[in-house]
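Position chains B and C against the provided structure of chain A, taking the given hints into account.
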Amino acid sequence: MRHNFIDRYAALDSPLHLLEARTKILAFTGLIVAVLFIPVDSGILFFVYFFATAVLMGISQVPLGYIVGRTLFILPFIVLASLAAPWHGYMEVGALFIRAVLCLMLLILLTNTTRFVELLRGLKKFGFPQILVMNLSFLYRYLFVLTEEAMRMKQARDCRRVGRAPFRKELKILSSMLGTLLIRSFEHAERMHSAMLSRGYSGDFPLISRRRFSWNDLAFLCGVAVFITSTFGLR
Amino acid sequence: MTDYAVRITRLSYTYPDGTKALEGIDLDVLVGERIAIVGPSGAGKSTLLLHLNGILTGTGSVKIMGSNLEESNLKEIRKEVGLLFQDPNDQLFCPTVYEDVAFGPLNLSVPAAEIPRRVDKALNDAGLDHSIGSRSSHHLSLGERRRVSLATVLVMEPAILGMDEPTSNLDPRNRRHLIEVVSGLKATLIIATHDLELVLDVCSRTVLMDQGKIWADGETHDMLANAGLMGKHGLEVPLSLRSGVRST
Amino acid sequence: MHIPDGFLTNRLALSLDVVSGATVLYAARRVKVDLSGRMVPLMGVLAAFVFIAQMLNFPVLGGTSGHLIGGSLLAILLGPMAGFLTMTTVVIAQALFLQDGGLVALGANIFNIAAITCFSGYAVFRLLGGASAKGKRLLVAGFLSGWASLMFSSAFCALQIALSGAIPLSVGLTTMLGYHAAVGIIEGLLTAGVLSFLLKVRPDLMKVNGSANFGLADWAGALIFVAMPAAILAYAGSSRLPDPLEKLLAGSPLLISGAAPEELSSAARMTDYLIRAAVFIVLVALGFLAGFIARRRSVKP
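From first to last, the protein sequence lines stand for chains A, B and C. By our numbering, the letter at position 139 of the first sequence is numbered 139, and the numbering carries on one by one without gaps. By our numbering, the letter at position 62 of the second sequence is numbered 62, and the numbering carries on one by one without gaps. By our numbering, the letter at position 194 of the third sequence is numbered 194, and the numbering carries on one by one without gaps.
To be clear, the hints were calculated from the coordinates, so they are not data collected in a lab. Wrong hints could be hidden among the right ones.
What the simulated footprint calls covered on chain A by chain B, stretch by stretch (three residues with Cβ under 8 Å from a Cβ of chain B suffice, anywhere in the stretch; the number is not a length) [unchecked claim]:
| no. | region |
| --- | --- |
| 1 | 127-140 |
| 2 | 195-204 |
Label pairs and their computed distance ranges (CB to CB) [said to hold, decoys possible]:
| no. | chain 1 | residue 1 | chain 2 | residue 2 | range |
| --- | --- | --- | --- | --- | --- |
| 3 | C | MET1 | B | PRO16 | 38 to 46 Å |
| 4 | C | ARG38 | B | GLU76 | 17 to 25 Å |
| 5 | C | TYR179 | B | PRO40 | 41 to 49 Å |
Remember, it's a predicted structure, so these values are computed and weren't measured experimentally. Yeah, the Cβ is synthetic: ideal placement off N, Cα and C, and Gly gets one too.
Bound-form chain A, shown alone (with noise of 0.2 Å):
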């Protein structure tokens, strides 16, 4: 179990990593709900929105490979939806199955060409409540520390064992592991409190931005509202 899911290209420096976070949660956003409201029959809308995700992909400099990758795990759904498709017709499952993957892929390009520190203040300055945004920010910092205890935990189990404990055995393996590691993310989080306590915390917490919201971001935004209004009114 490797974190190296967050962030993986989120440091390239695309024109799209240039841009302010906000700019980026909203023009997705935009997007995404966009694809979601094309009408089943509209079949030129689809491509029109399919070549859109195409040529963000290309600029976003995110390898192919892995935005493909990450698509498959929709797969399952699809073919469980896809079991209705005799009595729905193709022509539905089939916007369901575009629907679906050009959505999944507008998040995936949101989210790998923005840091998560900078989503958070994104998030922020959106007026996300304080307690979420403290809460996502401590929980992208003691990802870390408790992946690298957890590790450790399951080498440790590893080199007591060979090959497969019977169930119950297994289950109270689990069970001390997670419990270990439960106690530990308390001791961390009394410790943190005294930290924060010890440099007079009182509620606010910093999350201080240095991008700024430049001309890019507002000719990228003004392009895409267009593009999403053209479209639809154009049906």
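Just chains B and C now, kept in the frame of chain A:
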């Protein structure tokens, strides 16, 4: 008229589960003094440090720079007393180093324009380059994390600095670097540690704690060279004193 | 169980976004007032814990594996509100880091995986007297709380998917509930296992839960909480305004009641859905009510 940074009188503390952590601690520290607190594990060293800024409150009195520690003045006290905890992971909880160091001043309502300068100064004082600000702490080595943790405390410009095992788990080079940084600090220092060589390098006065009580309080060299006293409390005379490497 | 974008009707997804958003805001208010400061770092670190725990797979028969979801465990340890916020954090992180679950579908996923698991798990735990129990009783309460949380959660998930027309309700419910009845055993066992470990090593942590009192108002709230959104779901699915996926239902026969396809008009089918949904809600509410009455009778709070 001597200025006391810290005056602790008959401080006792019992944990919620009943274990006595501190019993009748009396300790006076002058402004600018550098004292070490040594003792076996579980002696109560860390617990004592936590009383310096009100994280823990026991019975007895704690006076910081002349003021009693009370609920109402905790904010001012925490500006005066900086605590460096043992595990850097628990002190670095912001997404980037810059935010971690800026955390303290922001809570103290330092004006926004002032903050970058303070952060840079603190990073410098801790022996770090300003460019480390944009990095995330999990990408740093332990030595760097220790120094960043120190910076997060130094940035508040405290008069008194409490440290819990500052050199633990550091490789020799990082350890040496940290000792250099610490030696250059102007604050009153109270260092709880097992690293007796560090004590000899930095602290002129040493307090020996065991089982929640203070057993000895005096000049560092004399105390640490006293084999009988050290042995009685689960410690050893440091190597450099034994082999006669150090002269003072 | 994380629903990607595109599988729910837009009306449904957006309604759930509103419901989940409101619940988050409410919970944020409650937690801030109840517990000053300590809870915040704790929720964050435990969110990391749950995130990791959900990735630690536990081999079950054959090649399949299960893992701990953690909703009821968190609710038991932190109280339902804080537990809910922590799970919400995990769900959001999973969407952002792993793209597990869609963006517009976030509301639905928060509802199923955070809200329902925490609140139902906590309610079951309290119903069984878990809060004041020791030993075997605590473990049983923990087990059933974990198991039930998955059952309720998957039931709502099936309901949402059915209302979106992708899979008929009867089929959806049977498969979801059936599958999760088995997986829920793992959840229950692990929840009980971790609780028992905690009890042995750090019993003081079991008392972190600050909301020891779960009064009548909270029970009423819990009932309304379960019934209302479900009613909203049903209404949301039944509106006549144009909606892309509604065309799925309009012309295509879904064999939900065994009747021949030509005999069912879309209105009749929707009524059928509504009735089933209503029955489900009423059953759940009755269950809580019965348990509540039984508890008032037997154990003095």
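Q. That 38 to 46 Å hint for MET1(C) and PRO16(B) (C-beta), does it hold up?
A. 39 Å, holds
Q: Kindly confirm whether 41 to 49 Å is satisfied by the beta carbon distance between TYR179(C) and PRO40(B).
A: 55 Å, violated
Q. If you check the beta carbons of ARG38(C) and GLU76(B), does the distance land in 17 to 25 Å?
A. 22 Å, holds
Q) Under a C-beta cut-off of less than 8 Å, do 3 or more residues of the region 195-204 of chain A approach chain B closely enough to confirm the stated coverage? A) holds (count 9)
Q: Go check the region 127-140 of chain A versus chain B for me, would you? Three or more residues, Cβ under 8 Å, otherwise it fails.
A: Per the Cβ count (3), the hint holds.
The structure does not agree with numbered hint 5 stated previously, though it agrees with all others.
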